[in-house]
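Turn these sequences into a full structure, and let the hints steer you where they fit.
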Amino acid sequence: AKMPLLGMIIKAYGIVSFKPGSGMEKSLSEPFAILRAGGVVGIFPEGHFAQEGKTYEAKPGIAYLAFKSSAPILPIALEGASRLSFFNFLWRQKYMRVSFGKPFLITEIAPFLHSQSSKEDFSRAAQLIMEQIRKLYTG
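Residue numbers (this note's numbering): 83 to 221.
Hints were generated in silico from the structure; no laboratory data involved. Glycine included, every Cβ here is placed at the ideal spot set by N, Cα and C. Treat the hints with caution; some may be incorrect.
Claimed, not checked - In silico PhoX-like links for lysine-lysine, alpha-carbon gap of 20 Å or less:
1. K217 with K150
2. K201 with K150
3. K184 with K217
Unchecked claim - Now the in silico label distances, taken between C-beta atoms and shown as ranges:
4. Q209 with F182: 15 to 25 Å
5. F194 with R216: 29 to 39 Å
6. E202 with R179: 13 to 23 Å
7. A94 with Q198: 15 to 25 Å
Listed below in structure tokens is the structure:
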């Protein structure tokens, strides 16, 4: 489903996309640089914007980035974004609900991660991140 308003917002805030198959380290180099500079990085853990009311399996890169950067994770759930168009938003005919969870460090929910963790370890940790996000949905 196309979401033009959300797309405009995402582009306005300088959000970057990842190229599948380029490897975690290479594809996450820009987000690492942003975090090192004290910036904030927003990522859809599934690798794309999920359809309304659905969550998918998270990609391991989200856990890898969180572990290697030691950055805190702020879980966020978006509801109603797929029904939101520019005109619906402008005329306040539809609303989007944004729910924020409590920030946490990846090591708090995935203490098994270490410097030699495998892709499977990061995949497991990524699913634990998704569990924190799923708790925020009201439906």
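Going down the list of hints, with the structure as the test:
no., hint, in the structure
1, K217 with K150, "25 Å, violated"
2, K201 with K150, "13 Å, holds"
3, K184 with K217, "11 Å, holds"
4, Q209 with F182: 15 to 25 Å, "20 Å, holds"
5, F194 with R216: 29 to 39 Å, "20 Å, violated"
6, E202 with R179: 13 to 23 Å, "34 Å, violated"
7, A94 with Q198: 15 to 25 Å, "40 Å, violated"
Violated hints for the displayed structure, listed by number in ascending order: 1, 5, 6 and 7.
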